[in-house]
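Colleague: With the hints as constraints, model all of the structure from the sequences given.
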Amino acid sequence: MLRFAYYSVIFLLTVPLLFGTAIAALPAFGYFPSLGSNEFSLFPWRDLIEVPGITQSIMVSLLAAIVTPLVALVLVFLFLASASGSKLDVWIRRLVSPLLSFPHAAAAFGLAFLIAPSGLLSRLISPGLSGWERPPDLLIVNDSWGLSLLLGLIVKEVPFLLLMSLAALPQINPAQRIKIARSLGYAPVIAWLKVVAPCLYPLIRLPVLAVIVFASATVDVALILGPTLPPTLSVRILSWFNDPDLSYRFLAAAAALLQLLISLAAVCAWLLLEKLAMLLWRFWLDSGNRASAESFFYSIGRCAMPSVLLVIAGSLVALLLNAFAASWRFPSLLPTSWTLRHWTSTWNELLAPLANTLVISISATVTALILVVATLEFERRRRIKKTTALWLLYLPLLIPQVVFLFGVVVLAESVHWQANRSLVIFGHLLFVLPYVFLSFSEPYRQLDPRWSQVASALGASSFKSFWRIRIPLLLSPCLTAIAIGMAISISLFLPTQLLGAGRITTITTEAVALTSAGSRNLIAVWAVVQLSLPMLGFMTALFIPKLLWRDRAGMREIR
Amino acid sequence: MKDDANAVRNAWVCWLVMVKLKLLSATLATGIFLIADKRNVASLLILLLVTNAANAKDLDINDWSSIEDLARGETVYFNAWGGETRINRYLSWAATTVKSRYDINLQHVKIADTAQAVSRVLAEKQAGNNTDGAIDLLWINGENFSALKQNQLLYGPWAEYQPNFPLVNADRFPEMREDFSIATDGLESPWTRSQLVFYYDSSVISGPPLSISELLSWAVENPSEFIYPRPPSFLGTTFLKQAILELSDNVAALYLPVSASNFDEITAPLWEYLDALHPNLLRSGRYFPSTAADLRRHMGDGEISLALAFNPNEAALAISSGELPKSARSYVLQGGTISNVSFLAIPFNSPHKAAAMVVSNFLLSPEAQSRASDPVHMGSTTVLSIEDLPDEARKMITAIDYGSAAVSIDDLNRKLREPHPSWTLALEQAWVQRYSAK
Chain A
1 MLRFAYYSVI
11 FLLTVPLLFG
21 TAIAALPAFG
31 YFPSLGSNEF
41 SLFPWRDLIE
51 VPGITQSIMV
61 SLLAAIVTPL
71 VALVLVFLFL
81 ASASGSKLDV
91 WIRRLVSPLL
101 SFPHAAAAFG
111 LAFLIAPSGL
121 LSRLISPGLS
131 GWERPPDLLI
141 VNDSWGLSLL
151 LGLIVKEVPF
161 LLLMSLAALP
171 QINPAQRIKI
181 ARSLGYAPVI
191 AWLKVVAPCL
201 YPLIRLPVLA
211 VIVFASATVD
221 VALILGPTLP
231 PTLSVRILSW
241 FNDPDLSYRF
251 LAAAAALLQL
261 LISLAAVCAW
271 LLLEKLAMLL
281 WRFWLDSGNR
291 ASAESFFYSI
301 GRCAMPSVLL
311 VIAGSLVALL
321 LNAFAASWRF
331 PSLLPTSWTL
341 RHWTSTWNEL
351 LAPLANTLVI
361 SISATVTALI
371 LVVATLEFER
381 RRRIKKTTAL
391 WLLYLPLLIP
401 QVVFLFGVVV
411 LAESVHWQAN
421 RSLVIFGHLL
431 FVLPYVFLSF
441 SEPYRQLDPR
451 WSQVASALGA
461 SSFKSFWRIR
471 IPLLLSPCLT
481 AIAIGMAISI
491 SLFLPTQLLG
501 AGRITTITTE
511 AVALTSAGSR
521 NLIAVWAVVQ
531 LSLPMLGFMT
541 ALFIPKLLWR
551 DRAGMREIR
Chain B
1001 MKDDANAVRN
1011 AWVCWLVMVK
1021 LKLLSATLAT
1031 GIFLIADKRN
1041 VASLLILLLV
1051 TNAANAKDLD
1061 INDWSSIEDL
1071 ARGETVYFNA
1081 WGGETRINRY
1091 LSWAATTVKS
1101 RYDINLQHVK
1111 IADTAQAVSR
1121 VLAEKQAGNN
1131 TDGAIDLLWI
1141 NGENFSALKQ
1151 NQLLYGPWAE
1161 YQPNFPLVNA
1171 DRFPEMREDF
1181 SIATDGLESP
1191 WTRSQLVFYY
1201 DSSVISGPPL
1211 SISELLSWAV
1221 ENPSEFIYPR
1231 PPSFLGTTFL
1241 KQAILELSDN
1251 VAALYLPVSA
1261 SNFDEITAPL
1271 WEYLDALHPN
1281 LLRSGRYFPS
1291 TAADLRRHMG
1301 DGEISLALAF
1311 NPNEAALAIS
1321 SGELPKSARS
1331 YVLQGGTISN
1341 VSFLAIPFNS
1351 PHKAAAMVVS
1361 NFLLSPEAQS
1371 RASDPVHMGS
1381 TTVLSIEDLP
1391 DEARKMITAI
1401 DYGSAAVSID
1411 DLNRKLREPH
1421 PSWTLALEQA
1431 WVQRYSAK
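These protein sequences, in sequence, are chains A and B.
Every letter in the first sequence is one number past the one before it in this note's numbering, and letter 18, counting from 1, is 18.
Every number in this note's numbering is 1000 more than the matching position in the second sequence, counting from 1.
Note that these hints are calculated values from the structure, not bench results.
Beta carbons are placed, not taken as given, at the ideal position from N, Cα and C, and that holds for glycine.
Among the hints, a few may not be true.
Said to hold, decoys possible - Facing chain A, from chain B, some residues (calculated, C-beta under 7 Å):
| # | residue |
| --- | --- |
| 1 | T1291 |
| 2 | A1293 |
| 3 | D1301 |
| 4 | G1302 |
Modeller: Written out as structure tokens, the structure is:
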């Protein structure tokens, strides 16, 4: 049984991805038997080159892929360098998981409501400071270079990289390193950057690469914030894929492959940047410089995280105001009248997608958790080294979704596999599995083996000691893993959309569909529902252990 | 066939072993072998999937009660544009009603563009799926209807057998049997009427432009006060058609299939017009809203003071929902505006045709149509012939007051016919080619 789980995890992480990518690649070279094309040819690529504005689409995708991780990483490192151990640090650490659970689509909507010409920020300075009686004619959201898209991605990826860094930091013992550097006369921030950062970076390299790939190929954020004339490559792939003229499938396939190349190119460019940064760092280390620019780095680091928080908080406020506003004409800062109508009138439509969302996320997460626990237990019993499979876990995050899902859909269509909920759950499992694994594996491996040994010594079977000792001890990280898995599933747009063929609607697909269809109030209602689901999940994950272990002080300390 | 199945099974076994051994490249290669051969795909299908037995019940279209019996307990996947909340809510009311009355589960599949549904039906046909399609009922007209009809992908004729069909009085209103100059041949049932209208904020402007050419000079004098949705959204495309109907010297050609030879010549005045108009739009032509709802948001924010809609009651509805200021007013251009009827059709491979017909007949009933006309619900214009209705329904529909923002009935009589459907795609593609990459 355990062995089966172990291999099915490997199977799930590789086969659909590579299979899907391979299938997506065939029509890109003109091979698509069900459309009557049995010969290989380069015509899809010739068509792709001639698409108007394709260079612009590619440039925006590349720009997002490089700038997002760069800015996010710099902000996270400067924050960690300047705030470690401070009150701000403690505060942010508490907020980081809920922040991470803020779904991309909801965050993008909130940001759009914040920065649009008629948005909250513009109202804040109007008409007093700006003199605007009507919204200014400025192209902010959907701007042609994707700057608002960049902002949206950075705001979402900073918490992700921060969480990954916080998880990795204990492995390298930063306090001791800094103590030594400080005793040699280095200023605190400089010390962190010189002795902790170079050791921390390799540990979070895979998450950084995942950010690059996500930023280059995101669909839902780009639909909401990205440019429209022309849209990013990923959005265009989706629209070609849905074109009534089936010959566009060839173009879509070629573009999907191009998307893979772009993500790859961005990763290569990043690796070059790494080399450059390494040279600079070495030069900087050799210089023996101990304090210059300390206050500069310090002030950026201290401001960075609160500003990201402010943007997120502002987005949240903008969403909430819109969800309850009855009448809200520019330039009044707050709605002039309030209403619950947007909620009461939406309630009926919310129920079915809500049920779908819960069924899909719970099924995918529970399946993932069972597979993960079985795999970890198999590893433990067989004493398998943990490092071998790490890159495998990142595979679903390193191949752009739009590329391999495209292949999976083509395959499902060609074998008449009707889109249904189980197909969607399967698709979600591919994305939920890595996150559940990443969040649960460290606590599982670190649990003191002597607990189980004591249980065995007292005559308990390995089955009994697993259920009576390991699982209760690991309840809290287990629930956190469930909350993370569900949060990921809830926020998935493309897998639900493509594998469900639009028949399976979730809160996320409905919210994204409203981008062009609904009033701002309705969008806000859906976005608030979308973001409160994962929040509820995290709160439950915190609350249950507190309730269960309320009389057991010792259990509360085991994380 | 047996050999094939064996070959495939062997390949599968090989493949699983390779997965186990983590021979990734080999895994991939076998995978490609597995999918490359079409016959093997068929065998795979047999190995992997239990296919549903096709619903092969014969329909007797002359006996409506037998159709209602067959429909009981079925699920209808109704693919309808989901771009307007009011319509979505109306359909969810319809779903509750047909559930209680006919025991039919009506599922509204919200699509962004009807072309997606056309694409799906075509794909299913290509893949040989002739009995178990994903779509049972489709909201459709124009080029999408024409594409499906041409490829014989629609079930029918069925529309004129519906008990409620006589209520549209198709002899008096020929547009009930003609979709963008293509005969419907009973393959689709009328559902709703639309007409292009303009609306403006009367607290900002007093004399809105009354023709397409006036619109340009007005926009030059009042920059950033107008914008239209980008084609291929249907409102954006309708604006292009409206413009070319007024600007072209050769209107007759627009009612014939488009040909490569005359397209450039006939559309030249349109591009010249748009080149002059775009710098004066909101965001100077660097951005266009994606739908009518998106456009309405710009008006509601006070960014623009003139906009357009494909529902004559749109401004009135948006005022009552608080989306537009009370000063919004709508009107029809002096030379008339494009109007059309949209329909419901059933794909050839729908597994639930009986239930789809029952739903369509229900949506055509005086009860459903008068609710659809009600501004509190959907606010559309009915396809029923009001004079021919039973008293109660007639009173209900004629009593509706859309308020001061509605277009007068006289104005709505200034109708222009839709050009031939082939112009839709041609205009959309040309627009995208010219303006989508600035």
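Colleague: Hint by hint, note whether the structure agrees.
Modeller: Structure-based check of each hint:
| no. | hint | in the structure |
| --- | --- | --- |
| 1 | T1291 | 4 Å, holds |
| 2 | A1293 | 5 Å, holds |
| 3 | D1301 | 4 Å, holds |
| 4 | G1302 | 5 Å, holds |
Consistency note: the structure conflicts with none of the earlier hints.
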